[in-house]
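Student: Listed below are the residues making up each chain.
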Amino acid sequence: MRSINVKEISNVVKELFIKACMEINEDLKEAFIKYRDREESEVGKAVFEQLLRNAEIAENESIPICQDTGFSVIFMEVGQDVTFTGGNMNSAIEEGVRAAYIEGYLRKSIVKNPLTAPENTKDNTPPIVHTEIVPGDRVKITVLPKGGGSENMSRIKMMKPADGVEGVKSFVIETVISAGANPCPPVIIGVGMGGTFDYVAFLAKKALLRKINERNADKKLAQYEVQWLDEINKLGIGPAGLGGRITALDLFIEVFPRHIASYPAAVNIQCHAARSKSYTL
Amino acid sequence: MDVLKVETPLKNEMVEKMKIGSQVLLSGIIYTARDAAHKRLVDLITKGEPLPFEPEGSVIYYVGPSPAKPGQAIGAAGPTTSYRMDSYTPLLLENGVKGMIGKGMRSDEVIASMKKYCAVYFGATGGAAALISKSIVEADIIAFEDLGTEAVRRLRVKDMPLIIINDCYGSDLYIEGQKRWSSK
Chain A
1 MRSINVKEIS NVVKELFIKA CMEINEDLKE AFIKYRDREE SEVGKAVFEQ
51 LLRNAEIAEN ESIPICQDTG FSVIFMEVGQ DVTFTGGNMN SAIEEGVRAA
101 YIEGYLRKSI VKNPLTAPEN TKDNTPPIVH TEIVPGDRVK ITVLPKGGGS
151 ENMSRIKMMK PADGVEGVKS FVIETVISAG ANPCPPVIIG VGMGGTFDYV
201 AFLAKKALLR KINERNADKK LAQYEVQWLD EINKLGIGPA GLGGRITALD
251 LFIEVFPRHI ASYPAAVNIQ CHAARSKSYT L
Chain B
1 MDVLKVETPL KNEMVEKMKI GSQVLLSGII YTARDAAHKR LVDLITKGEP
51 LPFEPEGSVI YYVGPSPAKP GQAIGAAGPT TSYRMDSYTP LLLENGVKGM
101 IGKGMRSDEV IASMKKYCAV YFGATGGAAA LISKSIVEAD IIAFEDLGTE
151 AVRRLRVKDM PLIIINDCYG SDLYIEGQKR WSSK
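If you're matching them up, the sequences are chains A and B in order. Just so we're aligned: the first sequence equals residues 1 to 281 in the numbering used here. Just so we're aligned: the second sequence equals residues 1 to 184 in the numbering used here.
Some hints here could point you the wrong way.
As the list claims (entries may be wrong) - Just a few of them, taken from the derived set where beta-carbon distance is under 8 Å, the chain A residues facing chain B: (1) N54; (2) F71; (3) T125; (4) V129; (5) N182; (6) G244.
To be verified - A short list of chain B residues far from chain A (calculated; beta carbon distances all over 12 Å): (7) K5; (8) E16; (9) K17; (10) K19; (11) V42; (12) L51; (13) G57; (14) P70; (15) E109; (16) S113; (17) K116; (18) C118; (19) V137; (20) I142; (21) K158; (22) G170.
Since the hints were derived computationally from the structure, they do not count as laboratory data. C-beta atoms are modelled at their ideal positions from N, C-alpha and C, and glycine is treated no differently.
Whole structure, please, built from the sequences with the hints as guidance.
Tutor: Structural data, given as structure tokens:
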């Protein structure tokens, strides 16, 4: 057994959230450059230029890329040969989030009671934590500060098996059309298929963790990813919704076996401020 | 591409010159308000009480900034999605508000009110929040401090980069842009 002090987890969570909010990943920066050159609309090109300048200012001056520093979503892969010492693991994760949002000058966007007046938790807790037990003695932590604007444009649908893949494709495209300019295009699209009502949404979110151009290992699914992205980039919504060729930077599909009666599909939309960082302990 | 230099407060004759697709560099005083502040502003109007700022000719920016670090006027400050303010907007326009800054589509009702009261909707690039913060020179909370990031702030802006999405003639850049670039 390997033992890890939960304080280490706190520190990693804190550092990852601060870094994620200030520095875009290299694959995203490359996508901005590639698609700026490919975009034909003048105003669309100008939006990509703004995004590149924004990323530069954010990184150099440690200003958040986007003021909406999100709901604090965390994915943890915990090796089964690890024991945690030094306190309560959930509190340690929360402590990491709290420290990141207070010390990192990130926006606190969470209100305590979803039904009533906006009483803020003042430290962006609680986070949403997805934990998976895996073989080995490592712990991988991935943070995804998820903005509200693009989350609001996401959808889930319990389709019929008769609807099939074509049905899901139409659902994905309809979702992007009705979102229009709202979720800050060019977007990244996470699609989940299969599983249960709750699990399909998780799949769609997990899909957003892939790097730009990282295709599903399954050839057929990889083909759908490319085809659906191509269809979406014919819609004309364009960067910032102002009209143009590039509405989405990528589309990722994650699947899981399904019940014979069900065909769940979920679309999680990610704005271009796609912020995620990982660290393995 | 033409770039209009615009100073607040806005007047009808200025708004009438603004057409969709024009780029704007906005300077002067603007006010921030998003979801919770809009609810309170509309409650004040309904009760016949004064607003925390002079509405006539004013411009509202839909933003909830991240906290300023020592030495900064404001933290990251990009626009939030505007449709959530749609149900409150017509009453604000009726009371003199002439401009709104946000991102994303407006309802038919808001667009009709913009025609009726001669108002304009500017788009700021969502997610370009560090860049936009550079055009905000001063920021002071003037109302609803308890709302935190959602408090109403008075901002002094200098050459804030915007684009006109909806003008006072009922045109919509999102619809026109998509129509032009759609390949279906």
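Student: Each hint needs a verdict: does it hold in this structure or not?
Tutor: Each hint, compared with the structure:
A hinted interface residue such as A/N54 counts as satisfied when its beta carbon comes closer than 8 Å to some beta carbon of chain B; here the least separation is about 4 Å, so the hint holds. For A/F71, the suggested interface contact is broken, since its CB lies about 14 Å from the closest CB of chain B, more than 8 Å. With a least beta-carbon distance of about 15 Å to chain B, the hint placing A/T125 at the interface is violated under the 8 Å criterion. With a least beta-carbon distance of about 23 Å to chain B, the hint placing A/V129 at the interface is violated under the 8 Å criterion.
With its C-beta approaching chain B no nearer than about 4 Å, A/N182 sits inside the 8 Å limit, and its interface hint holds. About 5 Å separates the beta-carbon of A/G244 from the nearest beta-carbon of chain B, less than 8 Å, and the hint is met. Remark: the non-interface label on B/K5 is consistent with the geometry, its nearest Cβ contact in chain A lying 18 Å away (cut-off 12 Å). Taking the minimum C-beta to C-beta distance to chain A, about 23 Å, the non-interface status of B/E16 holds against the 12 Å cut.
Residue placement check: B/K17 keeps its beta carbon more than 12 Å from all beta carbons of chain A (closest about 20 Å). Every CB of chain A is more than 12 Å from the CB of B/K19 (nearest about 14 Å), matching its label as outside the interface. Every CB of chain A lies more than 12 Å from the CB of B/V42, the least distance being 15 Å, so the non-interface label holds. Non-interface status of B/L51 relative to chain A is upheld: no Cβ of that chain comes within 12 Å, the nearest being about 20 Å off.
Distance to chain A confirms B/G57 as a non-interface residue, since its nearest Cβ pair spans about 26 Å, more than 12 Å. The claim that B/P70 lies off the interface is violated: its Cβ sits roughly 9 Å from the closest Cβ of chain A, which falls inside the 12 Å cut-off. The beta carbon of B/E109 sits about 17 Å from the closest Cβ of chain A, which is more than 12 Å, so the claim that it is off the interface holds. At the 12 Å boundary, the C-beta of B/S113 stays outside the reach of chain A, the nearest C-beta of that chain being 19 Å off.
Interface exclusion of B/K116 from chain A stands, the closest Cβ pair being 23 Å apart, more than 12 Å. The Cβ of B/C118 lies farther than 12 Å from every Cβ of chain A, with a closest approach of about 23 Å, so its non-interface assignment holds. Residue-level check passed: B/V137 sits 15 Å from the nearest beta carbon of chain A, beyond 12 Å. At roughly 18 Å from the closest C-beta of chain A, the C-beta of B/I142 stays outside 12 Å, upholding its exclusion from the interface.
The claim that B/K158 is not at the interface with chain A holds, since no C-beta of that chain comes within 12 Å of its own (minimum 16 Å). Remark: the non-interface label on B/G170 is consistent with the geometry, its nearest Cβ contact in chain A lying 17 Å away (cut-off 12 Å).
In terms of the numbered hints stated before, the structure departs from hints 2, 3, 4 and 14, listed from lowest to highest.
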